Amino acid sequence: MSLESFESLELLQTLEGHDERVWCVAWSPDGSTLASCSADKTVRLWAPGPGAPPLAAAGAGAAAAVAPLVCSAVLEDSHTKTIRCAAWSNDGRHLATAGFDGLTAVWERQGGVWESVATLEGHESEVKCVAWSPNDGALATCGRDKSVWLWEHLPGNDFECLDVKPGHGGDVKAVAWHPGGELLASCSYDDSIKIWAPEPGGGGEWECAQTLAGPSGHSSTVWSVAFSPDGRQMASAGDDKTLRVWECRFGNSSDDGGGGGGGGGGSRRPSFRLAAAIGGYHSRSIFSCSWSADGRWLASGDGANCIRVFTRGDEAAAAAAGGGGADGGGCGWVQACAAEAAHESDVNSVAWHPSDATLLASGGDDGRVRLWRLRAAGGGGGGRAVMAED
Amino acid sequence: MGDPFESVLDLEEQHIEEGFEAGRRDGLAAGLQEGRELGLQKGFEIGLEVGHYAGCVRAWRALQRLDPSALPARAERGIAALEGLLAAYPLYDPQARAHAACRTRPQPLRAWPPDQSLQDALEALRARCKAVVATMGATAAFGLAEGASGAGGAAGGGQGRQPVGGSLAF
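Here the protein sequences come in this chain order: C and W.
According to full-length UniProt numbering, the stretch in the first sequence is residues 1 to 390, in order.
According to full-length UniProt numbering, the stretch in the second sequence is residues 1 to 170, in order.
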């Protein structure tokens with residue numbers, strides 16, 4: 001545990017409304033709305049009430065006040081079972097939801113009302129995650145049937161199954177696109193992370209370009225993967241109570257990992273490498289991880305009801321804080337702060353706001369959605385508008 | 001002149017060796033038989049599944065000949081890919097790669113590594129078929145949702161599965 005807490009997580013708001021556990025929280029790309037999905041088969045959208053200043057208003061300083069969020073919409077009657085994941089398209093016009101009923105629904109806002117405009121059928125069992133490619137040209141889904149599906153997004157809300165990728169040895173928990181576009185990461189119950197890329201030579205087929213497993217990988221289920229906004233790093237959260245940070249390296253097929261990190265995947269082959277294994281902080285499985293908008297903070301939610309925030313301090317800070325965790329493999333990553341008992345049960349999802357770098361949302365088994373502000377040491381920065389709704 | 005009772009000292013070891021040899025001979029025979037039965041069973045299952053996909057492709061192509069607009073155009077790429085995978089699947093000589101490897105580097109039977117490529121090829125077939133079926137929007141009709149019986153996918157209608165008759169040559 002860090003000996004000096006430079007920062008703290010302040011609870012801003014608690015959003016009640018879901019009847020059962022909240023599985024996932026996701027911010028719209030413009031930062032105006034928060035979506036949460038739940039075992040109660042609905043998606044709720046949260047936004048400031050009428051007349052209140054919008055979130056991430058232009059000109060708002062760091063750590064500005066956040067107006068109370070209210071439930072602005074409930075999306076229901078589409079999935080017949082738990083909705084496990086919700087993902088906004090990058091242009092903000094669509095919301096995709098993945099359900100335990102094996103379906104993936106795509107919603108569009110039409111005249112102020114959200115309508116389900118497409119249903120993707122194909123998975124044989126529960127769909128665990130859905131993610132839009134950076135240009136919204138493709139959708140990736142994954143599920144308990146151990147496969148990753150790629151769908152092409154065609155004009156007119158049409159979706160075509162592009163490819164079905166077997167390969168994982170168990171339930172695939174999550175998929176995430178590299179910000180550059182031509183690279184997809186998936187993580188699974190089989191303890192591995194797979195990196196998928198288009199097959200060289202065109203043809204529209206994808207292949208598993210790299211599998212991250214073994215000694216440098218997780219030793220149990222990997223629950224979540226997330227790319228940093230600049231695409232140079234990837235974080236993974238594991239059942240083995242470690243967060244692993246990977247360096248996104250690329251190399252030519254003939255050259256083993258010669259290229260440096262970089263934004264686009266392009267046609268270079270991925271050769272990711274473990275940069276840090278953050279252990280010794282979490283006492284239970286880590287279910288979710290998220291990078292802040294400025295890439296400085298890595299948040300995690302775990303099965304011990306905690307939210308922890310990590311940062312890459314310099315060597316001196318790492319030494320002063322007692323090192324990066326028990327196994328010493330933290331490589332400069334230290335825990336900046338934590339909110340123990342952030343929820344009354346497991347924290348299933350954490351998500352940083354897309355532009356406000358210190359605003360964090362979380363959702364948990366207690367059916368609540370919470371908003372947090374990361375405060376710098378001494379409580380400085382911006383106004384202190386605490387609008388807890390309890 | 002040797003000790004006439006020397007062999008008595010080795011008696012136990014001798015018996016152990018004889019027993020071991022007898023066990024190895026019997027084990028070899030039993031293992032071969034068991035392996036043959038298992039091989040037949042697994043081979044049938046694989047043939048059944050590959051045959052199912054081949055049958056689907058045949059039916060789709062026949063449907064296309066009768067009515068060119070019967071299938072969505074976007075399914076063409078998937079069906080063509082499926083045909084390629086089926087043609088490449090080594091139904092009649094699954095050990096071809098292993099045999100070739102053995103010729104270059106002879107090793108005893110028990111040291112042969114399991115050939116993962118057969119498993120991968122079958123998985124690729126399975127995945128491609130699922131993708132094509134999803135493209136046609138027929139996932140429910142194919143009974144590919146959980147609970148469907150069979151190796152990798154039930155035959156339509158969920159009735160008793162009949163092996164696809166006739167030649168599988170493409």
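These are computed hints drawn from the structure, not numbers from a lab.
No experiment lies behind these values; they were computed from the predicted model shown.
Be aware that one or more of the hints could be misleading.
Only some residues are given here: those of chain W computed to face chain C with a beta carbon under 8 Å [to be verified]:
{"#": "1", "residue": "R24"}
{"#": "2", "residue": "R25"}
{"#": "3", "residue": "Q119"}
{"#": "4", "residue": "A121"}
{"#": "5", "residue": "E123"}
{"#": "6", "residue": "A134"}
{"#": "7", "residue": "T139"}
So, partial list: chain C residues that the calculated Cβ filter (under 10 Å) puts toward chain W [said to hold, decoys possible]:
{"#": "8", "residue": "W114"}
{"#": "9", "residue": "E115"}
{"#": "10", "residue": "S116"}
{"#": "11", "residue": "L120"}
{"#": "12", "residue": "E124"}
{"#": "13", "residue": "L150"}
{"#": "14", "residue": "W151"}
{"#": "15", "residue": "L162"}
{"#": "16", "residue": "D346"}
{"#": "17", "residue": "A376"}
For glycine and all other residues, C-beta sits at the position ideal for the given N, C-alpha and C.
Here is what the structure says about each hint:
The interface hint given for R24/W is broken, as the beta carbon of that residue sits about 35 Å from the closest beta carbon of chain C, more than 8 Å. The criterion of a C-beta within 8 Å of any C-beta in chain C is not met by R25/W, whose closest approach is roughly 38 Å, and the hint is violated. The restraint placing Q119/W at the interface with chain C is violated, with a minimum CB-CB distance near 10 Å, outside the 8 Å limit. About 11 Å separates the beta-carbon of A121/W from the nearest beta-carbon of chain C, more than 8 Å, and the hint is not met.
For the restraint placing E123/W at the interface with chain C, the shortest Cβ-Cβ distance is roughly 4 Å, inside the 8 Å limit, so the hint holds. With 8 Å as the threshold, the beta carbon of A134/W comes within range of chain C, its nearest partner Cβ sitting at about 4 Å, so the hint holds. Hint on T139/W holds. Least Cβ distance to chain C is approximately 5 Å, under the 8 Å limit. The interface hint given for W114/C is violated, since its Cβ lies 24 Å from the closest Cβ of chain W, which is over the 10 Å cut-off.
With its C-beta approaching chain W no nearer than about 20 Å, E115/C sits outside the 10 Å limit, and its interface hint is violated. With its C-beta approaching chain W no nearer than about 16 Å, S116/C sits outside the 10 Å limit, and its interface hint is violated. Here the hint on L120/C is kept, as its CB sits about 8 Å from the closest CB of chain W, short of 10 Å. Contact between E124/C and chain W, as hinted, is supported at the beta carbon level, the nearest pair being about 5 Å apart and thus within 10 Å.
Satisfaction of the interface hint for L150/C is found here, the shortest Cβ-Cβ separation to chain W being roughly 9 Å, below the 10 Å cut-off. For the restraint placing W151/C at the interface with chain W, the shortest Cβ-Cβ distance is roughly 9 Å, inside the 10 Å limit, so the hint holds. With a cut of 10 Å, the hint placing L162/C at the interface with chain W holds, because the nearest CB-to-CB distance is about 8 Å. For the restraint placing D346/C at the interface with chain W, the shortest Cβ-Cβ distance is roughly 26 Å, beyond the 10 Å limit, so the hint is violated.
Because the beta carbon of A376/C sits about 49 Å from the nearest beta carbon in chain W, more than 10 Å, this interface hint is broken.
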